[in-house]
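Colleague: So you can see what is in the structure, the chains are spelled out below.
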Amino acid sequence: MTDDVLVTHDITKSFGALRANDGVSIDLKRGEVHAIIGPNGAGKSTLIAQICGGLAPDSGTVHFLDHDVTAETVRARARMGLARTFQISALAMEDTVLQNALLGALGAAGRSWRMMRNVLKDTYLCGEALAALERVGLADQAAARTAELSHGQRRQLEVAVALTLQPRAFVMDEPMAGLGSEGSKQLTALLDELRWQAPILLVEHDMDAVFALADRISVLVYGRIIATGTVDEIRADPVVREAYLGEEA
Amino acid sequence: MSREALVNSAALLLLVAVPVWALWADEPFTITLATRAVIFALAAAGLNIALGWGGMVSLGHAVYFGLGGYAMGVLAFHAQNYTPLMDWPFTITGTKSMPVIWLVAMISSAVAALVIGLLALRTSGVYFIMITLAFGQMVFFFAISWPTYGGEDGLSIYVRNSFPGLNTLVPIEFYGLCLSVLCVILFLNARLIRSPFGLALNAARQVPHRVETVGMNPTRLKLSALVISGAVTGLAGALFADLNRFVSPTMLSWQMSGEIMVFVIIGGVGRLFGPVVGACLFVLLEHFLGGVSEYWQVFLGLVLLGIVLFGHGGVVGMIAGRGRTHD
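These protein sequences, in sequence, are chains A and B. What the first sequence shows, in the working numbering, is residues 1 to 249, in sequence order. What the second sequence shows, in the working numbering, is residues 1 to 327, in sequence order.
Simulated from the structure, these hints should not be mistaken for lab results. We treat Cβ as the ideally placed atom computed from N, Cα and C, and that holds for glycine. Heads up, none of these hints are tricks.
Derived DEER-like restraints, expressed as beta-carbon distance ranges:
#, chain 1, residue 1, chain 2, residue 2, range
1, A, Arg117, B, Leu305, 36 to 44 Å
2, A, Arg224, B, Ser2, 51 to 59 Å
3, B, His209, A, Asp10, 23 to 31 Å
4, A, Glu193, B, Gly301, 55 to 63 Å
Just a few of them, taken from the derived set where beta-carbon distance is under 10 Å, the chain B residues facing chain A:
#, residue
5, Arg194
6, Leu201
7, Asn202
8, Arg210
9, Glu212
Here chain A is said to cover these stretches of chain B; the calculated rule only asks that three of the stretch's residues, wherever they fall, bring their Cβ under 8 Å from a Cβ of chain A:
#, segment
10, 203-209
11, 215-221
Generate the whole structure from the sequences, applying the supplied hints.
Modeller: Below, the structure is given as structure tokens:
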């Protein structure tokens, strides 16, 4: 087994005349945070959709845990341990925080067809859910309605749901979206610990978070990876500075 | 005890007390009225599983209600005429036994819900409503044009079907039977929404893409809910046909689908006792307003409008406040 947990090889995806992804090859190794940055419209969302299974690439392959998963569904990849978080929180707002966390545990355990047992009395599922909430610092909010959480807490819950999947890799789509600097710092600290549980493919606009977390950064511009390297290499790269970071970066 | 639990207990208490009073006061018509309310409540409880928890706005639940009715009608028709239902490849005879009829009603409704759901769940929103409505109309016109079982005129069954140990012709005994069925179904319904399946279904209604990314199939969850929903409404249809000792295509009409939905909306969508409260109110309004004016449905419309605009999701919500039953 290699060190690569998640690999895309030469992924290409077009929408009509638009090449959203043009031969994108990235890899995610054990214990690392690999950040994908790039301007709006660079093809980051398209890339995530192909990695997680919502879109099929026109050509190229996606490998997860040394399996070719290019043809697998979103559900199959999730059951293998590919945990994603959404840019816009995808939470059941009417339900409690615990119920949202239970959903992930439920999917991972494949118990969704049990119809007569009280889910709150399932000690295994509740244990998993509470452990995840504990991890992100929401354990004391378990009984609260999700709609009553602050935006920052919802972002934490989003991570907790991913955690209940017993993930082998995280794919996080702008986890810092909409957070203030304080919330952003908190979540950055959390993700910094999580990388030891499973590596994180991080798509993020918040450069402070990216520079604090990333072991490697790939820069996606007009559907192509124009550079991959460490934080320092990317900061120093003249092409990247011109294309993306702007002069003062 | 939460306020909603109080409302539920009060509803249940009334459903027991009123017929007992009617029996004492020798008012058999009140018992028939209450039976009608209980059966409508059961039909609506079925729809509520699809509509309230699954988020599927089905305007075709008359299909299941009517199929349940025809399951009773056809089986009892052959039993009272001493003709077999079919001869080949093996003989099936009719029956007057309620448990058998209920089973047939639930299975045929469940199969219909599976077929309709497989097609309708490829769509959502207004298209889902239209497809379920279209299936409803197909079955309705099929029933009208099939002369073997009465066509437009429907089927009359002379003697109410039997249930072991009961004389179903005595109104209060039949009422007790219907109320027991309703209670059993509501109990199972309460278990269902608290179960892992209920949790997943609830999430599939609110955030289907999330359900998918934790490894579950939201469409399959909804389809299962629709099948359960159809079976319950089918059971109600069999009881309704037995109450009237008559089944006709009216039970399959789209107005019937609308009425079942009105019960749920009046009472409270996604509330365990919403359908019960809604159906009881509907039957009361129908009875008292119907006595005042031929155009009583105008007033029903006004009541409905008021509840939708000002009630927090139905009468149960108005009394009990926010919060769904699973809280």
